[in-house]
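Given the coordinates of chain A, assemble chains B and C onto it according to the supplied hints.
Read off the chains here:
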Amino acid sequence: MLEFIIGKYNFWIYIILMMIGFYAMISKNNLIKKIIGMNIFQTAIILFYVSIAYKKGGATLPILTDADAHGEHIITIAQYINPLPHVLMLTAIVVMVATLGVALAIAIMLYRKYHTLEEDEIIKALK
Amino acid sequence: MTIPFDLIIQIFVIICAIAAITVRDLLSAVMILGAYSFFMCLMWAQMGAVDVAFTEASVSAGIGTILFIAALMKTTRRTKD
Amino acid sequence: MKFLSLIVTIITGAFLIYGTFDMPEWGDPNSPASRHVSPRYIEKTEIETATPNMVTSVLADYRGYDTLGETTVIFTAGASCILLLRRRKKKG
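Going down the list, the sequences are from chains A, B and C.
In terms of the numbering used here, the first sequence is numbered consecutively and its last residue is 127.
In terms of the numbering used here, the second sequence is numbered consecutively and its last residue is 1081.
In terms of the numbering used here, the third sequence is numbered consecutively and its last residue is 2092.
Next up, chain A with everything else stripped away, as it sits in the complex (with noise of 0.2 Å):
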């Protein structure tokens, strides 16, 4: 049961930091706030990933060192930490700002129209 639990923990506070993003998104009034939490949503998220590539016991960064670099032995693959969803991640984050703009760009034009960031007088002054 304890090597249970110290083997599956960090997934744990991964899935309380995504939930920590989801309730600022579904339940806070403010936009910048809702903003706040899908920025703490995909962080976690990418966490996660992140996460998946890498491997207990000794292994390194994904850098080759020198003596594997120039051919002298056969790689050992444990070594090396994983280096595929480091990539992907890589893609996700500038991803992950691009949609941070254009949901401040939509704020910034509400609050022009509007005159307020609440999402409740925003719904009534469209009635």
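Possibly wrong hints are sitting among the right ones.
Cβ pair distances, simulated, as ranges [as the list claims (entries may be wrong)]:
(1) A:I123 to C:H2036: 46 to 52 Å
(2) C:G2078 to A:W12: 19 to 25 Å
(3) A:Y9 to B:F1054: 47 to 53 Å
(4) A:I5 to C:I2082: 46 to 52 Å
(5) C:T2020 to A:D120: 35 to 41 Å
(6) A:H115 to B:I1011: 37 to 43 Å
(7) C:H2036 to A:N29: 40 to 46 Å
(8) C:G2064 to B:R1078: 44 to 50 Å
(9) A:T76 to C:T2067: 27 to 33 Å
(10) C:R2087 to A:I123: 22 to 28 Å
(11) C:P2024 to A:D120: 43 to 49 Å
(12) B:V1059 to C:V2037: 24 to 30 Å
(13) B:P1004 to A:H115: 47 to 53 Å
(14) C:S2080 to A:W12: 34 to 40 Å
In silico DSSO-like cross-links for lysine-lysine, where the CA-CA straight-line distance does not exceed 30 Å [to be verified]:
(15) B:K1080 to A:K127
(16) A:K127 to B:K1074
(17) A:K127 to C:K2002
(18) A:K124 to C:K2089
(19) B:K1080 to A:K113
(20) B:K1074 to A:K113
(21) A:K124 to C:K2002
(22) A:K124 to A:K113
(23) C:K2044 to A:K56
(24) A:K55 to A:K8
(25) A:K124 to B:K1080
(26) A:K55 to C:K2044
(27) B:K1074 to C:K2089
(28) C:K2002 to A:K113
(29) B:K1080 to C:K2089
(30) A:K113 to C:K2089
(31) A:K8 to A:K56
(32) B:K1074 to A:K124
(33) A:K127 to A:K113
(34) A:K127 to C:K2089
No lab work stands behind these hints: they were computed from the structure.
Just so you know, even glycine gets a beta-carbon here, dropped at the ideal spot from N, CA and C.
Okay, now just chains B and C, sitting in the frame of chain A:
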């Protein structure tokens, strides 16, 4: 019993996330979000994803915070929740 | 309303935690994600691309079209920001 290093950073990250969505001032919330991004970057560097950590520190904690502050300067920093 | 969203959040989190019970242990070197595609990248990166950093070689060489699509996403986001925030001239 020694506490592992990553557990300490994870606790800090959760505290920063809860503080960022509960504080009643938007500029403080954005600043706490920047601290959250830097703790996340530290966690990724500890996991061995150095390229992702560099990108997070420059793009998300730098440009993201600047975008947030620029948006707050054009709107307001007051909030009800 | 806040109470309802809190309940929805807790139910979603419980389902996700139930989903982790079938996953491999955290940091397992023999997990399915580390056995399928990435061993080829680790073995052949020096022979095929002459770059010791695997992340760079996969990002710019094996999956270059992916990075091209990412550039398209950034361009679209910048163009839409300019279109949204442009000051419109008052008519008349």
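Tested hints:
no.: 1; hint: A:I123 to C:H2036: 46 to 52 Å; verdict: holds (48 Å)
no.: 2; hint: C:G2078 to A:W12: 19 to 25 Å; verdict: violated (38 Å)
no.: 3; hint: A:Y9 to B:F1054: 47 to 53 Å; verdict: violated (28 Å)
no.: 4; hint: A:I5 to C:I2082: 46 to 52 Å; verdict: holds (51 Å)
no.: 5; hint: C:T2020 to A:D120: 35 to 41 Å; verdict: holds (36 Å)
no.: 6; hint: A:H115 to B:I1011: 37 to 43 Å; verdict: holds (40 Å)
no.: 7; hint: C:H2036 to A:N29: 40 to 46 Å; verdict: holds (45 Å)
no.: 8; hint: C:G2064 to B:R1078: 44 to 50 Å; verdict: holds (47 Å)
no.: 9; hint: A:T76 to C:T2067: 27 to 33 Å; verdict: holds (29 Å)
no.: 10; hint: C:R2087 to A:I123: 22 to 28 Å; verdict: holds (26 Å)
no.: 11; hint: C:P2024 to A:D120: 43 to 49 Å; verdict: holds (45 Å)
no.: 12; hint: B:V1059 to C:V2037: 24 to 30 Å; verdict: holds (26 Å)
no.: 13; hint: B:P1004 to A:H115: 47 to 53 Å; verdict: holds (50 Å)
no.: 14; hint: C:S2080 to A:W12: 34 to 40 Å; verdict: holds (37 Å)
no.: 15; hint: B:K1080 to A:K127; verdict: holds (21 Å)
no.: 16; hint: A:K127 to B:K1074; verdict: holds (26 Å)
no.: 17; hint: A:K127 to C:K2002; verdict: holds (23 Å)
no.: 18; hint: A:K124 to C:K2089; verdict: holds (28 Å)
no.: 19; hint: B:K1080 to A:K113; verdict: holds (20 Å)
no.: 20; hint: B:K1074 to A:K113; verdict: holds (13 Å)
no.: 21; hint: A:K124 to C:K2002; verdict: holds (19 Å)
no.: 22; hint: A:K124 to A:K113; verdict: holds (13 Å)
no.: 23; hint: C:K2044 to A:K56; verdict: holds (23 Å)
no.: 24; hint: A:K55 to A:K8; verdict: holds (14 Å)
no.: 25; hint: A:K124 to B:K1080; verdict: holds (16 Å)
no.: 26; hint: A:K55 to C:K2044; verdict: holds (20 Å)
no.: 27; hint: B:K1074 to C:K2089; verdict: holds (19 Å)
no.: 28; hint: C:K2002 to A:K113; verdict: holds (27 Å)
no.: 29; hint: B:K1080 to C:K2089; verdict: violated (34 Å)
no.: 30; hint: A:K113 to C:K2089; verdict: holds (15 Å)
no.: 31; hint: A:K8 to A:K56; verdict: holds (14 Å)
no.: 32; hint: B:K1074 to A:K124; verdict: holds (23 Å)
no.: 33; hint: A:K127 to A:K113; verdict: holds (14 Å)
no.: 34; hint: A:K127 to C:K2089; verdict: holds (27 Å)
Checked against the numbered hints listed earlier, the structure breaks hints 2, 3, 29; every other hint is satisfied.
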